[in-house]
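Build out the structure end to end from the sequences listed, making use of the hints.
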Amino acid sequence: MRILITGGAGFLGSHLTDRLIQEGCEVVSFDNLITGNINNIAHLISNEKFKFIKYDVTEYLFLDGDIDWILHFASPASPIDYIELPIQTLKVGSLGTHKTLGLATNKKSKFFLASTSEVYGDPRENPQKENYWGNVNPTGPRGVYDEAKRFAEALTMAYHRVHNIDMRIARIFNTFGSRMRPDDGRVVPAFINQALINKPLTVFGTGKQTRSFCYISDMVEGLFRLMQSPVIEPVNLGNPEEMNIIELAEIIIDLTGSKSKLVFKPLPVDDPRVRCPDIGRAEKKLQWKPVVSIKEGLKRTIEYFEKQL
39 MRILITGGAG
49 FLGSHLTDRL
59 IQEGCEVVSF
69 DNLITGNINN
79 IAHLISNEKF
89 KFIKYDVTEY
99 LFLDGDIDWI
109 LHFASPASPI
119 DYIELPIQTL
129 KVGSLGTHKT
139 LGLATNKKSK
149 FFLASTSEVY
159 GDPRENPQKE
169 NYWGNVNPTG
179 PRGVYDEAKR
189 FAEALTMAYH
199 RVHNIDMRIA
209 RIFNTFGSRM
219 RPDDGRVVPA
229 FINQALINKP
239 LTVFGTGKQT
249 RSFCYISDMV
259 EGLFRLMQSP
269 VIEPVNLGNP
279 EEMNIIELAE
289 IIIDLTGSKS
299 KLVFKPLPVD
309 DPRVRCPDIG
319 RAEKKLQWKP
329 VVSIKEGLKR
339 TIEYFEKQL
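First residue of the sequence shown: 39, per this note's numbering; consecutive thereafter.
One or more hints might be untrue.
Said to hold, decoys possible - The calculated DSSO-like cross-link candidates involving lysine-lysine, where the alpha carbons are at most 30 Å apart (straight line), are:
no.: 1; residue 1: 167; residue 2: 297
no.: 2; residue 1: 333; residue 2: 297
no.: 3; residue 1: 129; residue 2: 146
no.: 4; residue 1: 333; residue 2: 299
no.: 5; residue 1: 337; residue 2: 237
no.: 6; residue 1: 327; residue 2: 148
no.: 7; residue 1: 167; residue 2: 148
To be verified - Between beta-carbon pairs, the in silico distance windows are:
no.: 8; residue 1: 246; residue 2: 167; range: 15 to 25 Å
no.: 9; residue 1: 86; residue 2: 297; range: 45 to 55 Å
no.: 10; residue 1: 172; residue 2: 196; range: 17 to 27 Å
no.: 11; residue 1: 240; residue 2: 267; range: 17 to 27 Å
no.: 12; residue 1: 304; residue 2: 177; range: 30 to 40 Å
no.: 13; residue 1: 104; residue 2: 84; range: 39 to 49 Å
no.: 14; residue 1: 173; residue 2: 106; range: 32 to 42 Å
no.: 15; residue 1: 282; residue 2: 179; range: 40 to 50 Å
Please keep in mind that the hints were generated in silico from the structure rather than gathered at the bench.
Just so you know, even glycine gets a beta-carbon here, dropped at the ideal spot from N, CA and C.
Put into structure tokens, the structure is as follows:
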């Protein structure tokens, strides 16, 4: 198969690219590198099955030849990024999704949207099932990401209904592993890098807010299985093992042998109090669930960041 992936130099996009090439696919990677990193795909540059093009998918979109799949992973994906780049985040979720769906229609390609657990906002039900419509503040600072992805889902479904596009939607929950930026604002790389240099770990709010964390290899397996399935409705992908932020901090301090303490700062606006996926649909229809424990995933990620330091 020949596959176009947008955001292919990002954390998730680059790992999925590796998997697709291992499966024998030819991959064309688009990324404008505002949050992606060319180092994430440097090992693939000489591979004859891989081609990288620096490209902004909110502009006119064109690619020669047949395309079997278009995987739309382009978007700032961390709070720091989408708060610093609000207009770019909205554009890639709206215009970028429109352009890639238009190309999929023209090429008669299958389409895969990388959506997010952020479509649930600050949820009033826990864990979150796919039929939950969410609790989102559309005008708050996080709204640029939440609403961009909600719009992208709506547009993808519209193209499916009107143009009969064969599509998939993955709602991706917190994922971690190698190739994350240490300064991207997400809690796992932030805590690990603070712990490795014995700086205080920055906890926002009381630290009692919960999250669930899925290791990258498990997430890539879930994404690949969803591509192979006939499932049209959105599918949650994430680890249903829920923990609060203080628990995460204590595990990382223990695994790194750090002398770090905790320092508390005010909770950001609209920061979710709980976040945990119901993965019943993925378990039933994809025969998928995470197999890497949080501690094992953190050990591997700590090793990666130690090498970076």
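Going down the list of hints, with the structure as the test:
1. With a C-alpha separation of about 39 Å, the suggested pair residue 167 and residue 297 falls outside the 30 Å cut-off, and the hint is violated.
2. Between residue 333 and residue 297 the CA atoms are separated by roughly 19 Å; this keeps the pair inside 30 Å, and the hint holds.
3. A distance of roughly 24 Å separates the Cα atoms of residue 129 and residue 146; the hinted pair therefore holds under the 30 Å criterion.
4. In summary, the hint linking residue 333 to residue 299 is supported, as the alpha carbons are separated by about 20 Å, within the 30 Å threshold.
5. Restraint check for residue 337 and residue 237: the C-alpha separation of about 19 Å stays at or below 30 Å, so the hint holds.
6. Our distance criterion of 30 Å between C-alpha atoms is met by residue 327 and residue 148, whose separation comes to about 24 Å.
7. Distance check on the hinted pair: residue 167 and residue 148 sit about 25 Å apart at the alpha-carbon level, within 30 Å; holds.
8. Between residue 246 and residue 167 the beta carbon distance is about 23 Å. The supplied range of 15 to 25 Å therefore holds.
9. A hinted range of 45 to 55 Å holds for the C-beta pair residue 86 and residue 297, which are about 49 Å apart.
10. For the pair residue 172 and residue 196, the beta carbons lie near 19 Å from each other, so the given range of 17 to 27 Å is met.
11. Residue 240 and residue 267 have their C-beta atoms about 39 Å apart, which leaves the hinted 17 to 27 Å range violated.
12. Judged by the Cβ atoms, the range 30 to 40 Å given for residue 304 and residue 177 is violated: they are separated by roughly 20 Å.
13. Between residue 104 and residue 84 the CB atoms are about 24 Å apart, so this pair departs from the stated range of 39 to 49 Å.
14. Between residue 173 and residue 106 the CB atoms are about 37 Å apart, so this pair conforms to the stated range of 32 to 42 Å.
15. A hinted range of 40 to 50 Å is violated for the C-beta pair residue 282 and residue 179, which are about 23 Å apart.
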